[in-house]
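Residue strings, one per chain:
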Amino acid sequence: MQTDLSHYKEILIKGIWRENPVAYQVLGICSALAVTVKMSTAVVMSIALTLVAAFSSLIISSLRRWIPSNIRIIVELTVIASLVIITDQILKAFLYDISKQLSIFVGLIITNCIILGRAEAFAMANNPADSFVDGVANGLGYSMILLAVAFLRELLGSGQFFGFPVIPGFLYDMGFQDMGIMVLAPGAFFIIGLLVWLKNSLPGISHEKK
Amino acid sequence: MSDKKKSFKNSRIYVVMFALGTALVFGVLITSAATMLKERQLENMALDKKTNLLEAAGLVPEDKKTTPEEIKQIYDTHIREVHVDSRGRVIENPTGSSLQLYLIHTDQKVQGYIVPISTRGLWGKIHGYMAFEQDGETVAGFSIYSHSETPGLGGEIESNWFLENFEGKKILNANNQLVSVGIAKGKVENLPDKLQDHYVDGISGATLTGRYLSEGLEETLTKYEPVSIIFRQKEESQAHVETILDE
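Quick mapping for you: the protein sequence lines, in order, are chains D and R.
Residue numbers for the first sequence follow the numbering used here, so the first one is 1 and each next one is one higher.
Residue numbers for the second sequence follow the numbering used here, so the first one is 1 and each next one is one higher.
Keep in mind that the hints were calculated from the coordinates and are not lab data.
Just so you know, these numbers come straight off a predicted model, no measurement behind them.
Hints should not be assumed to be uniformly reliable.
Far from chain R, some chain D residues (derived; all Cβ distances over 10 Å) [stated by the list, open to error]:
#: 1; residue: Ile67
#: 2; residue: Ser82
#: 3; residue: Gly159
To spell it out: a stretch of chain D is covered by chain R in this simulated footprint if at least three of its residues, at any positions, have a beta carbon under 8 Å from a beta carbon of chain R; those stretches are [said to hold, decoys possible]:
#: 4; segment: 13 to 24
#: 5; segment: 166 to 173
#: 6; segment: 189 to 197
Derived PhoX-like pairs (lysine-lysine); straight-line CA-CA distance at most 20 Å [said to hold, decoys possible]:
#: 7; chain 1: D; residue 1: Lys100; chain 2: R; residue 2: Lys170
#: 8; chain 1: R; residue 1: Lys50; chain 2: R; residue 2: Lys38
#: 9; chain 1: R; residue 1: Lys9; chain 2: D; residue 2: Lys100
#: 10; chain 1: R; residue 1: Lys50; chain 2: D; residue 2: Lys100
#: 11; chain 1: R; residue 1: Lys65; chain 2: R; residue 2: Lys49
#: 12; chain 1: D; residue 1: Lys92; chain 2: R; residue 2: Lys9
#: 13; chain 1: R; residue 1: Lys194; chain 2: D; residue 2: Lys92
#: 14; chain 1: R; residue 1: Lys170; chain 2: D; residue 2: Lys92
#: 15; chain 1: D; residue 1: Lys100; chain 2: R; residue 2: Lys194
#: 16; chain 1: R; residue 1: Lys194; chain 2: R; residue 2: Lys170
#: 17; chain 1: R; residue 1: Lys125; chain 2: D; residue 2: Lys100
We put the beta carbon where it would ideally sit given N, CA and C, even for glycine.
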């Protein structure tokens, strides 16, 4: 039991931090640029992606012995696409306003390299429980970066946090201005680049030393 | 080829059967999810449409959250959907060329009307509603309920500061000619005085979205001009439209 738990912990740490999908593998950048203008969309996107990553890994791993290898990518995509469509339908039924804001980005989870990457690299070779944990871990790893980027972009770009103004008025009076570039795609590039640099320069985890 | 199971797994018949099976299972899953949730989604869409109409008309209380029941109730007491022919006369049954609009009324008195706006944007269609006062030239409010503009840039068209810009703008110039409402490049205060009534502040980084929206507004308002003319001829219009409300 003890070994089991530490085994899952190992997978979790690897997915969330050591081999973080965005900061280490540099996957899923496209959506990290698109939905990080505001915190609220980033949060819903994170939850949706984590759920899809976890359950697609679970399903694909359970089917892995029966999936013919020459159509495996198609089967993986079918599983992922179905889950994404169902997620989208649920959002439209229960969180209509947010689903309107996310619009096409939920659909674009299908093309997110993290999900297909985990299905291909992990779920096809490991048991369902491990794969589920791996999906959750990678989803959380992605979410962590997404939320960090969204926090900085919303704060610096619009002076807000979850839509509430947080920059005190006197700073604006003193000449502080919202940084327009943070709202644009280049802002996300700079922040993600800085985060990748930060992560890889922290002691003990640089992949160059491995 | 010694592994028998492996070669069977890649045999043509197995691959086809597996693909069909997967397609069937996930097809059923998606279909059942979509069917089961459809009613809720349609309800959400209908409610969203009503909320947007009320927002354009300025009938949604701003200081508190409204429940779906309140929206429906305000909608039923104040908004009436009508169809008019190309001369601006209300007709009973919509035809191919008739225009659809919404009347805002309180106690059998018409307060104004709402025109549905549907125009091209940078990435896709922009849909919204523009409400007018009963003088037929002053914009009472504007709302957008669906667009696919870039979030943070063109997507700003759905933010409050931009939409509130439209309130009080005139679609007629000093010579009573239709000039529509345009989206300025930059701030309105930099424009000549006589244009300030017909332009709203633009969004920086969204010049194209603004241009398409301006074009779309002009086109739609030109189409609805007969209706606006009726509203500008005060008494006659009041009598005419109020007969419909009596039903």
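Going through the hints against the structure:
no., hint, in the structure
1, Ile67, "7 Å, violated"
2, Ser82, "4 Å, violated"
3, Gly159, "13 Å, holds"
4, 13 to 24, "violated (count 0)"
5, 166 to 173, "violated (count 0)"
6, 189 to 197, "violated (count 0)"
7, Lys100/D to Lys170/R, "31 Å, violated"
8, Lys50/R to Lys38/R, "18 Å, holds"
9, Lys9/R to Lys100/D, "43 Å, violated"
10, Lys50/R to Lys100/D, "16 Å, holds"
11, Lys65/R to Lys49/R, "17 Å, holds"
12, Lys92/D to Lys9/R, "39 Å, violated"
13, Lys194/R to Lys92/D, "45 Å, violated"
14, Lys170/R to Lys92/D, "37 Å, violated"
15, Lys100/D to Lys194/R, "38 Å, violated"
16, Lys194/R to Lys170/R, "11 Å, holds"
17, Lys125/R to Lys100/D, "14 Å, holds"
Checked against the numbered hints listed earlier, the structure breaks hints 1, 2, 4, 5, 6, 7, 9, 12, 13, 14, 15; every other hint is satisfied.
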